[in-house]
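Given chain B, put chain S in place with the hints provided.
In case you want the letters, here they are:
Protein chains: 2
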Amino acid sequence: MSEYIEHDKTGLSVGVVDKKLFTFAQPPGELTLENGSTLGPVTLAYETYGELNPDRSNAVLIMHALSGDSHVAGYYSNDEAKPGWWEIMVGPGKGIDTNKYFVVCSNILGSCMGSTGPGSINPKTGKAFGLDFPVVTIGDMVTAQKALINHLGIKRILSLVGGSIGGLQVLEWCLRYPDMIVSAIPLATTPKHSALTIAFNEVARQAIMADPNWHKGDYYNGAKPDLGLAVARMIGHITYLSDESMRHKFGRRLQDRSDFSFNFDADFQVESYLRYQGSKFVERFDANSFLYITKAADYFDLTRQYDSGSLVKAFSRAMAKFLVVSFTSDWLYPTYQSKAMVKAMKKNGLDVSFCEIEADWGHDAFLLPNKRLTDLVKGFLERVYDETKR
Amino acid sequence: MSEYIEHDKTGLSVGVVDKKLFTFAQPPGELTLENGSTLGPVTLAYETYGELNPDRSNAVLIMHALSGDSHVAGYYSNDEAKPGWWEIMVGPGKGIDTNKYFVVCSNILGSCMGSTGPGSINPKTGKAFGLDFPVVTIGDMVTAQKALINHLGIKRILSLVGGSIGGLQVLEWCLRYPDMIVSAIPLATTPKHSALTIAFNEVARQAIMADPNWHKGDYYNGAKPDLGLAVARMIGHITYLSDESMRHKFGRRLQDRSDFSFNFDADFQVESYLRYQGSKFVERFDANSFLYITKAADYFDLTRQYDSGSLVKAFSRAMAKFLVVSFTSDWLYPTYQSKAMVKAMKKNGLDVSFCEIEADWGHDAFLLPNKRLTDLVKGFLERVYDETKR
Numbered sequence: 001m002s003e004y005i006e007h008d009k010t011g012l013s014v015g016v017v018d019k020k021l022f023t024f025a026q027p028p029g030e031l032t033l034e035n036g037s038t039l040g041p042v043t044l045a046y047e048t049y050g051e052l053n054p055d056r057s058n059a060v061l062i063m064h065a066l067s068g069d070s071h072v073a074g075y076y077s078n079d080e081a082k083p084g085w086w087e088i089m090v091g092p093g094k095g096i097d098t099n100k101y102f103v104v105c106s107n108i109l110g111s112c113m114g115s116t117g118p119g120s121i122n123p124k125t126g127k128a129f130g131l132d133f134p135v136v137t138i139g140d141m142v143t144a145q146k147a148l149i150n151h152l153g154i155k156r157i158l159s160l161v162g163g164s165i166g167g168l169q170v171l172e173w174c175l176r177y178p179d180m181i182v183s184a185i186p187l188a189t190t191p192k193h194s195a196l197t198i199a200f201n202e203v204a205r206q207a208i209m210a211d212p213n214w215h216k217g218d219y220y221n222g223a224k225p226d227l228g229l230a231v232a233r234m235i236g237h238i239t240y241l242s243d244e245s246m247r248h249k250f251g252r253r254l255q256d257r258s259d260f261s262f263n264f265d266a267d268f269q270v271e272s273y274l275r276y277q278g279s280k281f282v283e284r285f286d287a288n289s290f291l292y293i294t295k296a297a298d299y300f301d302l303t304r305q306y307d308s309g310s311l312v313k314a315f316s317r318a319m320a321k322f323l324v325v326s327f328t329s330d331w332l333y334p335t336y337q338s339k340a341m342v343k344a345m346k347k348n349g350l351d352v353s354f355c356e357i358e359a360d361w362g363h364d365a366f367l368l369p370n371k372r373l374t375d376l377v378k379g380f381l382e383r384v385y386d387e388t389k390r
Numbered sequence: 001m002s003e004y005i006e007h008d009k010t011g012l013s014v015g016v017v018d019k020k021l022f023t024f025a026q027p028p029g030e031l032t033l034e035n036g037s038t039l040g041p042v043t044l045a046y047e048t049y050g051e052l053n054p055d056r057s058n059a060v061l062i063m064h065a066l067s068g069d070s071h072v073a074g075y076y077s078n079d080e081a082k083p084g085w086w087e088i089m090v091g092p093g094k095g096i097d098t099n100k101y102f103v104v105c106s107n108i109l110g111s112c113m114g115s116t117g118p119g120s121i122n123p124k125t126g127k128a129f130g131l132d133f134p135v136v137t138i139g140d141m142v143t144a145q146k147a148l149i150n151h152l153g154i155k156r157i158l159s160l161v162g163g164s165i166g167g168l169q170v171l172e173w174c175l176r177y178p179d180m181i182v183s184a185i186p187l188a189t190t191p192k193h194s195a196l197t198i199a200f201n202e203v204a205r206q207a208i209m210a211d212p213n214w215h216k217g218d219y220y221n222g223a224k225p226d227l228g229l230a231v232a233r234m235i236g237h238i239t240y241l242s243d244e245s246m247r248h249k250f251g252r253r254l255q256d257r258s259d260f261s262f263n264f265d266a267d268f269q270v271e272s273y274l275r276y277q278g279s280k281f282v283e284r285f286d287a288n289s290f291l292y293i294t295k296a297a298d299y300f301d302l303t304r305q306y307d308s309g310s311l312v313k314a315f316s317r318a319m320a321k322f323l324v325v326s327f328t329s330d331w332l333y334p335t336y337q338s339k340a341m342v343k344a345m346k347k348n349g350l351d352v353s354f355c356e357i358e359a360d361w362g363h364d365a366f367l368l369p370n371k372r373l374t375d376l377v378k379g380f381l382e383r384v385y386d387e388t389k390r
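Residue numbers (the UniProt record's numbering), protein chains in the order written: chain B, 1 to 390; chain S, 1 to 390.
For reference, chain B alone in the conformation it holds in the complex (with noise of 0.2 Å):
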């Protein structure tokens, strides 16, 4: 996810907002995960905008990406300088309109913004867990939001709406709770991943791994493998971008110099755009979590879960109506894998609008400003909406 937008802060805005959490305990005190073995207590941050309306048909449930958090939009204080991830998407008036719906976002399970995860406590032991935390699932992420959903006494929703790992969750979701999910809006995503994003994937774990402060993941009380998440941080962000959307912001333009250094300074902009990247991601993110979460989508399979062997299979337990949408420079999750997801919808006679938008950016473009896809959510969610007071 690019942290290279710029925000307006004049425009409509739901305000200053609260990060809450939810901490739950399954019987006999913990969650039971997809590898066998159980977690628990679990806590999820969590925040909510907008109103639940008193039949509890308004609740739209956000999933972010690898490195995002509950903070979809809003200020956690006035005088904080950049607002939620999704501020362009998600207020009063805008695509996902806080006036009607009531939005929530919680961080996922195997993250670092205040859900449980290989950086919190193990109870058992009293340090952080590393790599004691056990390797957690897309589908143990849906499992322990759908806990946080229950105690908001919601017992449909109206729509699930997340990009790139957000709408993996969001696919997850459908099959798992399906006659809780009124509609879905999976954006560039995959029903799996590529033999080209488990490479990009493994490539960063290892550059984390290689890191010596990574300590087999226990380096809570020492110096953090902050090179290491750095490179894999720049490889991330190399594969959000696309040739063209670099070739547009960066070209061959050299950083605050008219000739080469002859070394091994970043010369070019792109080169400290990414050195950047990496250096300010080390501040806020926890590498091991890094790890779970990668590890989580790459094995994260739509045709391998549900016993199903096919997509149309998988989709046949679905019973949402579905908003896709693929950008065309998206080469993380390229349009074809989001074209098969459709067919196999289409196939098992479900209600799917699909949109494949034109956009230079990359898989970031799902992030970035973009009329279209505004008007497309928009639009969608008033008609699912409308459709469920028939």
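Hints are computed from structural coordinates only; laboratory data are not their basis.
None of the values given here were measured: they were computed from a predicted structure.
Glycine included, every Cβ here is placed at the ideal spot set by N, Cα and C.
Watch out, some of these pointers could steer you wrong.
[To be verified] SDA-like cross-link-like pairs, simulated, lysine to any residue; straight-line CA separation at most 20 Å:
1. S:Lys224 with B:Asn213
2. B:Lys339 with S:Arg247
3. S:Lys224 with B:Phe264
4. S:Lys155 with S:Pro178
5. B:Lys224 with S:Pro212
6. B:Lys216 with S:Asn263
[What the hints assert, rightly or not] Label-pair restraints from in silico Cβ distances:
7. S:Gln255 with B:Glu283: 32 to 42 Å
8. B:Arg304 with S:Thr374: 38 to 48 Å
9. B:Asn263 with S:Phe24: 19 to 29 Å
Frame of chain B; chain S shown alone:
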């Protein structure tokens, strides 16, 4: 450059060859480099195949890519398992026919396969250069090759052939010493690195420099930055393939297991492949050479180095006949970059043939068996050779 090629020893081969060394010094004993510094004496490792004809008109100079060497074909000994890196193209009766042509390939300046590079002994200190080695350019590599060609008594080169970074050298030769070149075959290459290509190289360099064993380049008497170099190589390998080739070659197949490990082992074949490629590479390649050669490639820009400001002006210097070849799935040096060159060549009235070959194998395609490519190269060489006799 992939090492994933199966070789058939039963085919025709140049057989056993020797690596030779040529050491030269320009007065006053040093080579003047583009960055203004001097370097010397300079040694180039090289190999020759076939015989130079009496009028010295049949010399073909092959330029290798990032991690290649002078060993383009044949075997160093009768029991060597693997032949040179372009055995499928170079040999008796092959695309570059050693029965007809005198083939020369030299290891590039800055490399670590016998030619002078950052791992060589600095005569001024008696220690390995490390980062005291000057940042050489593609132009410097070509200047050094030119000294070798002079030494071999060759006044005109029938053809220059090279793919990827080898192709950069081909292009540089054509503009630097235009009247020495009869023809040139730049394969899967570019007139300048895009921001995307620079980005990949930069992240790979950062992976090396993040390894504490790198020690600012001074590691020749201690532990080497193997983990960083392995990550750099893995990044490279992703760029040499393509989404489609990875899907064919690996898909989501698991490596020696029927279910996920639920830990951070290599679950997928593609992970295993990348780890293997990374670990093999560190046995044979020097991390500093990786830094220097990628930097030289990133600096390369035909629109810049001849004060040209445009490709059209740059190619106004060229006199060679060209065969330009790109590959459909190459996203490191995509076809549009070759087409830009071809357009500029044509605007200068040059004799140009261009072919985009349909291939699923990404950038690596130029190294893989491909009858179309072999036929194109063979036919082009025959034509230009015949034309020299008229």
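Which hint numbers doesn't this structure obey?
-> none
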